[in-house]
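> Add chain B to chain A, keeping to what the hints say.
Okay, here's what each chain looks like letter by letter:
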Amino acid sequence: MSRHLWLPIFMGAGKIAVFEPETSAYLITIGIPNDGTVFYPATAQEITGSQIWTAVNNYVLALKAADISGAGWTNSGTATCIMLRDYLFIGGTALRHGYNLANPNANANFFGSWVHDGLGITGNGANTYAVDGVRNTDLADKRELYHGAITVANATVNQWVYGVRVSFGADELSLVGLGTNIYGVPNFNISTGALFNGVLVLTGDFAQRRNLGAGINTFQYYNGSEIGSLDIANNPADLNLDLYIGALNQNNALINPFNGNIRQHLLANGATLAQHNAWHAARVALQTALNRMP
Amino acid sequence: MTGYRLTTEQAELIRDKQFAPDSFFNPVPDINGDMFIFQIEWELAPRPEYDWFSTLTETIYTAPDYE
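Taken in order, these protein sequences are the chains called A and B. Residue 42 is where the first sequence starts when you use the working numbering, and the numbers rise one by one after that. Residue 1433 is where the second sequence starts when you use the working numbering, and the numbers rise one by one after that.
Worth flagging that the hints you see were computed from the coordinates, not collected in a lab. There's no promise every hint is true.
[To be verified] A few chain A residues that don't get close to chain B, going by computed Cβ distances all over 10 Å:
hint : residue
1    : Ala83
2    : Glu87
3    : Gly133
4    : Ala147
5    : Asn150
6    : Ala167
7    : Thr169
8    : Tyr170
9    : Leu295
[Stated by the list, open to error] Now the in silico label distances, taken between C-beta atoms and shown as ranges:
hint : chain 1 : residue 1 : chain 2 : residue 2 : range
10   : B       : Ile1463   : A       : Glu87     : 39 to 47 Å
11   : B       : Asn1464   : A       : Val156    : 23 to 31 Å
12   : B       : Thr1487   : A       : Ala294    : 22 to 30 Å
Where is the CB? At the ideal position from N, CA and C, for every residue including glycine.
Chain A on its own, in the form it takes in the complex (with noise of 0.2 Å):
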């Protein structure tokens, strides 16, 4: 009887919706408030607390039921594809910007002028880049890598949104460069001529997956779409660096810095076809969310 009558009273003072303990660890620890608290006020991107911890939770839920998850999370003793980074860049600050969704004990700093606003973060191509402790050599098995992003930018000369190399023609690991290629490659030795021959399309969501495995065993997608594969041999080199967001390190340099916008920055391993597609859905779905899909 009490329950007959809890449950329509209950149902209508509104679902109580229940959060991933991902959702509310990094939106917790970025200050975002499940109510509702206006963000980017009069742009494009306003949205609130509320809108935001629906928009992620439903993410981490994509992220979930493909068998991908982040350093904790409580599907990762049986998740096949293992996240080492995802900043969404939600909260329009550094410091909010800094944190990952993937783990929200790693935390990126940001050198030089960028921006930080309801659409993420901006580079000004001249002295922005950022890290967060991913060094080359922590990369366990750089065969497997998946890199992804989702940027909007304009150029006509090359630049690097995650990258790095000991020097021009040398190994490198460039992973998403846009400009008058879009390089690619996880762990490639430039001089066999591992290069995809890109579009000059820099809008849109960019990633690249690599699998263990002789014949093709390296994607480049652009949208969720296959834009291009090759077999590229592995390369042996482990260089000791940085791995910068937003440019390429040059042997701790800071080369071709991007001048446009990233709104989202992952990283993982070992992520199969079907995940990449269930992936890029679920950026779409969030970028949509956020009003910011470009």
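Just chain B now, with coordinates in the frame of chain A:
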């Protein structure tokens, strides 16, 4: 684009120092080797510690040729 030209000594004085939460100065050379910072660093640098920024002149910045 424009930036604010620094002397070598000024650049080394502020390099990697924090000017806002999670934000750090990064003076870089232009094509001639002159050191520059840019708008956000100039605007957000706390005063009075960086009152001397008001003496810097906004100048055209030309990036080095990257490979």
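> Looking at Ala83 of chain A again, its CB stays over 10 Å from all of chain B?
holds (21 Å)
> Say whether it holds or is violated: Tyr170 of chain A keeps its Cβ farther than 10 Å from all Cβ of chain B.
violated (7 Å)
> Any Cβ of chain B at or closer than 10 Å to Gly133 of chain A, or is the non-interface label fine?
holds (12 Å)
> Can we confirm that no CB of chain B comes within 10 Å of the CB of Thr169 of chain A?
violated (7 Å)
> Beyond 10 Å from every chain B Cβ: check whether that's true for Glu87 of chain A.
holds (23 Å)
> Regarding the assertion that Ala167 of chain A does not contact chain B, is the least Cβ-Cβ distance greater than 10 Å?
At about 6 Å from chain B, Ala167 of chain A fails to clear the 10 Å cut-off, so the statement is violated.
> For the hint 39 to 47 Å, verify it against the beta carbon of Ile1463 of chain B and that of Glu87 of chain A.
holds (41 Å)
> Closest CB-CB distance from Leu295 of chain A to chain B, is it above 10 Å?
violated (6 Å)
> Taking the CB of Thr1487 of chain B and the CB of Ala294 of chain A, does the distance hold inside 22 to 30 Å?
Given a distance of about 29 Å, which is inside 22 to 30 Å, the answer is holds.
> Over 10 Å to the closest beta carbon of chain B is the bar; see if Ala147 of chain A clears it.
The claim stands: Ala147 of chain A keeps its Cβ more than 10 Å from every Cβ of chain B (closest is about 12 Å).
> Between the beta carbons of Asn1464 of chain B and Val156 of chain A, is the distance compatible with 23 to 31 Å?
holds (26 Å)
> Is the claim that Asn150 of chain A lies outside the interface with chain B correct, judged by CB distances over 10 Å?
violated (6 Å)
Of the numbered hints given earlier, the model fails hints 5, 6, 7, 8, 9; all others are met.
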